[in-house]
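A.B. asks: Keeping the supplied structure of chain A fixed, place chain B upon it in accordance with the hints.
Just so you know, the protein sequences line up as chains A and B, in that order. Read in my numbering, the first sequence has 88 at position 88, and its numbers run on one by one without any break. Read in my numbering, the second sequence has 1055 at position 55, and its numbers run on one by one without any break.
No wet-lab data here; the hints were simulated from the structure. We put the beta carbon where it would ideally sit given N, CA and C, even for glycine. One should not assume that every hint holds.
[Stated by the list, open to error] Subject to a maximum C-alpha distance of 27 Å in a straight line, what follows is the list of computed BS3-like cross-link-like pairs (lysine-lysine): (1) A:22 / A:99; (2) B:1109 / A:76; (3) A:76 / B:1112; (4) B:1107 / A:42.
[Claimed, not checked] Derived list of chain A stretches under chain B, where covered just means 3 residues or more per stretch with a C-beta under 8 Å from a C-beta of chain B: (5) 53-60; (6) 63-70; (7) 200-208.
[Unchecked claim] What follows is a list of derived Cβ distance ranges for each label pair: (8) B:1053 / A:74: 39 to 47 Å; (9) B:1049 / A:30: 35 to 43 Å; (10) A:76 / B:1106: 20 to 28 Å; (11) B:1068 / A:70: 48 to 56 Å; (12) A:141 / B:1063: 26 to 34 Å; (13) A:154 / B:1096: 33 to 41 Å; (14) A:37 / B:1057: 40 to 48 Å; (15) A:175 / B:1060: 23 to 31 Å; (16) B:1041 / A:55: 38 to 46 Å; (17) A:76 / B:1085: 21 to 29 Å; (18) A:73 / B:1053: 41 to 49 Å; (19) A:75 / B:1036: 41 to 49 Å; (20) A:189 / B:1057: 22 to 30 Å; (21) A:189 / B:1091: 30 to 38 Å.
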Amino acid sequence: MKELVKPEERKSLPPPDSLLVKRAQQEDDSAFTELVRRYERKVYNICYRMLGREDEASEALQDAFLRAYQFLKKFKGKSTFYTWLYRIATNVCLTRLRKRKTALTSSIEEAGSNGKAWKRKPIFVSSDVIGEIPDASKSPERLVRQKELREALNQAVEELPTEFRTVVVLRDFEGLSNREVSKVLNLSVPAVKSRLHRGRLFLRNRLEQYTNNHE
Amino acid sequence: MNKFRNNKKLKKITRTEKLKHQKVSTSKSNIKGNECREFFQIISDFIDLELTENQLINLRSHLTTCVHCTQVYREFRMLIQLCQSESITEPVNVSSQLWQVLEKRFKAKRIKE
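This is chain A alone, in the form it adopts within the complex:
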């Protein structure tokens, strides 16, 4: 059988995650460092999408990798390393969101009827139709409308109920498959599909004024 990779080329290929994990489990910190380099950006994206704030995402990123370092020896390799890592990151974010909710509830109680802090940011209503998102659009008006749309999307994602947000972030923003998402979140694939659909519906309703034709 013809080899797909020549022996000399094989040496220059980066080591697979599984090999790095094995080395890291044997106290090789440089192997763990390489794993962090590979997934740092992705994990940050997940944290930022889940939490919506740079400072919180930064802390969650640190927590996620510290936990991965701490519990690496318990990783048995039943899933891929990144599935396991994303699960840690997601759980770190969910814990922070729960704490945020509790803090919000107590400060609402303290503030009484003053709802100023919880006033939703007004979504700018554009009267133009925004159709497909063109990649190479350079007209200033279009760029402004696209910017508004992206801001509206970010706000809408922040308002997504947590159980839908996790799925939408992992699936639509980070490009994981339904199967991978189900492994990260420990859900069945039908449950992932259901939450994904409901999450998308929620976002669509929030962005309706950008996508409907105005007469």
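C.D. replies: Chain B in isolation, oriented as in the chain A frame:
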């Protein structure tokens, strides 16, 4: 003899046509709203190509006749494309803070040993 054979072929075609017609008439007897409702429930699967071939054919055929569902489909697709095109840049200070924390952790472990 050939005439009979041709007739047999014709008969077969007619039977197939009949079956198709039955299926069409069955679906036509449904209120259009049911098709729209069905489409709405599985639109995500439709966009993600998670449906069977038959389902895909039926839904594509529905889209050719339903303006409302076509609009819904476009909105969903636009939304998903927007999510996929969104990129975040990890700030440099976030990355450097992460590495500082990790270095501290590695050092602490070495000291313990």
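A.B. asks: Please go over all the hints and tell whether each is borne out by the structure.
C.D. replies: Hint check results:
1. A:22 / A:99: 35 Å, violated
2. B:1109 / A:76: 22 Å, holds
3. A:76 / B:1112: 25 Å, holds
4. B:1107 / A:42: This hinted pair holds, its Cα atoms lying about 26 Å apart.
5. 53-60: Since 3 is at least three, the answer is holds.
6. 63-70: The restraint on the segment 63-70 of chain A holds, since 3 of its residues have a Cβ under 8 Å from chain B and three suffice.
7. 200-208: The restraint on the segment 200-208 of chain A holds, since 5 of its residues have a Cβ under 8 Å from chain B and three suffice.
8. B:1053 / A:74: 39 to 47 Å: 43 Å, holds
9. B:1049 / A:30: 35 to 43 Å: Since residue 1049 of chain B and residue 30 of chain A have Cβ atoms about 41 Å apart, the given range 35 to 43 Å holds.
10. A:76 / B:1106: 20 to 28 Å: Cβ of residue 76 of chain A to Cβ of residue 1106 of chain B: about 24 Å, so the range 20 to 28 Å holds.
11. B:1068 / A:70: 48 to 56 Å: 53 Å, holds
12. A:141 / B:1063: 26 to 34 Å: This hint holds: roughly 31 Å between Cβ atoms.
13. A:154 / B:1096: 33 to 41 Å: The hinted range 33 to 41 Å is violated for residue 154 of chain A and residue 1096 of chain B, with Cβ atoms some 25 Å apart.
14. A:37 / B:1057: 40 to 48 Å: Between residue 37 of chain A and residue 1057 of chain B, where Cβ atoms are some 46 Å apart, the hint holds.
15. A:175 / B:1060: 23 to 31 Å: 25 Å, holds
16. B:1041 / A:55: 38 to 46 Å: 40 Å, holds
17. A:76 / B:1085: 21 to 29 Å: For residue 76 of chain A and residue 1085 of chain B the Cβ distance comes to about 37 Å; the hint is violated.
18. A:73 / B:1053: 41 to 49 Å: 47 Å, holds
19. A:75 / B:1036: 41 to 49 Å: 47 Å, holds
20. A:189 / B:1057: 22 to 30 Å: 23 Å, holds
21. A:189 / B:1091: 30 to 38 Å: The hint (30 to 38 Å, Cβ to Cβ) holds, given that residue 189 of chain A and residue 1091 of chain B are roughly 35 Å apart.
Violated hints, listed in ascending order, are 1, 13, 17; each of the other numbered hints is respected by the structure.
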